[in-house]
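Peer 1: Keeping their order, the protein sequence lines are chains B and G.
Going by our numbering, the first residue of the first sequence is number 1, and it counts up by one from there.
Going by our numbering, the first residue of the second sequence is number 1, and it counts up by one from there.
Treat the hints as calculated values from the structure; they're not laboratory data.
Note that the Cβ used here is the ideal one computed from N, Cα and C, for glycine as well.
Keep in mind that the hints are not guaranteed to be accurate.
To be verified - Selected chain G positions facing chain B (Cβ under 10 Å, derived; list incomplete):
1) ARG74
2) ALA190
3) LYS236
4) THR243
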Amino acid sequence: MIFVCKNCGGNVVYSPEKHSMFCPYCDSVKSDERRDLSGGEISVCPNCGGEIPVEEHTSATQCPYCDNYMIFNERVEGAYAPKKIIPFQMGKEACKNSLREKFKKFTFAPTDFLSEARLDSMQGHYVPFWFYSYDTSCRYEGEGTKVRSWRSGNMQYTETSYYRVYRDMDIDFQNIPVDASVQMPDDVMDLIAPFHYGQMESFKPEFMSGFYGEKYNMTSDIVEFRAKNHMQEDAHKLLKDSISGYATVSPGRREVHVKSSEAEYGLIPLWKYNYQYNGKAYPFYVNGQTGKIVGIPPISKKKVWGYTGTLWGCLTIIMILLQLISVWML
Amino acid sequence: MSDDIKKEIRKQYFHYFRFWFIGIGILLVITAIAGVKHVIEINVPRPNLSAPTERVYDYADVLTDVEEESLRKRIAEVERRLRIDIVLVTFNQSVEGEEARRQYGYRSADWEQNMMDYADDFWDENQYGYNKGFEGDGCILVHNWFEGQNGEHLSTSGRVEDRFSYNDIDTVLYAVDDYYDTDPYRAYMAYVDTVASIMGRERGESGTFSLGAVFVVPIVAALVYALFNLKQKPAKDTTTASTYVEGGKPVMKGRADEFIRKNVVSRKIETSSSGGGGSRSSGGGGHHISSSGASHGGGSHRH
Chain B
1 MIFVCKNCGG NVVYSPEKHS MFCPYCDSVK SDERRDLSGG EISVCPNCGG
51 EIPVEEHTSA TQCPYCDNYM IFNERVEGAY APKKIIPFQM GKEACKNSLR
101 EKFKKFTFAP TDFLSEARLD SMQGHYVPFW FYSYDTSCRY EGEGTKVRSW
151 RSGNMQYTET SYYRVYRDMD IDFQNIPVDA SVQMPDDVMD LIAPFHYGQM
201 ESFKPEFMSG FYGEKYNMTS DIVEFRAKNH MQEDAHKLLK DSISGYATVS
251 PGRREVHVKS SEAEYGLIPL WKYNYQYNGK AYPFYVNGQT GKIVGIPPIS
301 KKKVWGYTGT LWGCLTIIMI LLQLISVWML
Chain G
1 MSDDIKKEIR KQYFHYFRFW FIGIGILLVI TAIAGVKHVI EINVPRPNLS
51 APTERVYDYA DVLTDVEEES LRKRIAEVER RLRIDIVLVT FNQSVEGEEA
101 RRQYGYRSAD WEQNMMDYAD DFWDENQYGY NKGFEGDGCI LVHNWFEGQN
151 GEHLSTSGRV EDRFSYNDID TVLYAVDDYY DTDPYRAYMA YVDTVASIMG
201 RERGESGTFS LGAVFVVPIV AALVYALFNL KQKPAKDTTT ASTYVEGGKP
251 VMKGRADEFI RKNVVSRKIE TSSSGGGGSR SSGGGGHHIS SSGASHGGGS
301 HRH
């Protein structure tokens, strides 16, 4: 499908700034009209006939020739229909500014790292995620100690009291996110969280116009172990946090019982900046909702030597001049 | 590398170090002014022209003519640089006891008092002092070679008096003590050099920083700067245990904290104690007023 402007026929995209469909050609808002693509190869642009790079899991992309954004119906419908989506809240400009702000003090980054030309290559992606919800019952039973110490004369006394500690709590975990994309690194996707689910909406393909997208690459049962690990860790920590006032607490017996569970498929917004330096890729990921950035910039060795050497030279000159001034002026 | 990138590299570099370069530029100007001021100052004639030009009075005749001349030359050089008078007097005369008091008109029979008076009077009567003839800047060392009364007294005046602490006075006298009996010339040269060294520090001749600091500090600072800027901060996990919990917290169904038992252990406490000390290192060492009413500092060593 493709969204065209009823006023000018241009390609209408979703604007994060306006939180609405927007025609960048005639500046119209909500002038979109959906046009479903009829048959044919999905790797051929229905607008200009150009060849589009479509990979196995691509669900939305941009034609490199006519710049129109298109969404592939069969990859966002039926078994691949996302139930929910967090629409982009940050536009490209806000994202660029966010990157500039974060890395402006990183002196040794290559000169063009934050250049307009490089940052402009940033792309917005909708990443497939599974959201797991677990209704659990969690218990802990173990032994805690409290220590009291006092002094009498030249004697020091230490009293240790032992307690039976018991906790029983219900924890309702909602929407633990686990990415369902093979391309996206798992550790980065874990770090890009959390998301504000208050802005989560029911899926509408309009949100994808103007961005790249993927359908899930892995089914829910393949990646669920990550959500379960997360849930177990959090449950144990919450049990531990509920126990206070003890000097030590034994590992004891801990149980996390899942009463019911549910998995839902959805899309998460992400800006990706792929910076190339000395033949190596340095990818940066920006949460398209919160602006959280994950990625480490490369280091320019020339800058390290040049800047450190200059600083050393400046300090040496300053100290020599101060030395001369102190000798001659006093 | 394109010209645009090269231009951007230069722009970023100069923008980054702009305050450093401006600071160095300002310091260069100040250094140039200081240099001119210094050249002018060292060429200004001494203000006090009433004092004699002689600085070495070897009444005890312990120095050769060549040694005396060498000392005069060294003193002249230090005087020009530090703008203080440095006088040396050797003599061979009793300054202790009733007989000496009657014969030479001392105000006491005490060796130390009379050595001090001798030095102060010599200084005051000759109107020594680089800047003025009364309480002017400088010092005098008088060395008595009289048998059984061998010893020296250092009298300070003006800026030298303000600068010299008891420790500084002792430092000068010990420098003389080290060689007086084997090589008087070397002992008096040590007197001049030690005074020059202490007053040179006052004038900042050794500078605000030591030579080592001038080379070491920038290296250490540059290394710290490089390490600090090389440090990369990876993104942190900003989720908490309750991020995905409905309502932000669990629902507690049951809890118990039941006392089971207790035990008590005891140990004997060991105790200990400690103490401290002091120092004397500020200026104005040996401050007193001479018979002519002038302020002096100083001290004596009797062998």
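Peer 1: Indicate, hint by hint, whether the structure satisfies it.
Peer 2: Hint check:
1. ARG74: Check failed: Cβ of ARG74 (chain G) comes no nearer than 21 Å to chain B, outside 10 Å.
2. ALA190: violated (24 Å)
3. LYS236: Because about 8 Å separates LYS236 (chain G) from the closest Cβ in chain B, which is inside the 10 Å limit, the hint holds.
4. THR243: OK, holds: THR243 (chain G) within 10 Å of chain B, min 5 Å.
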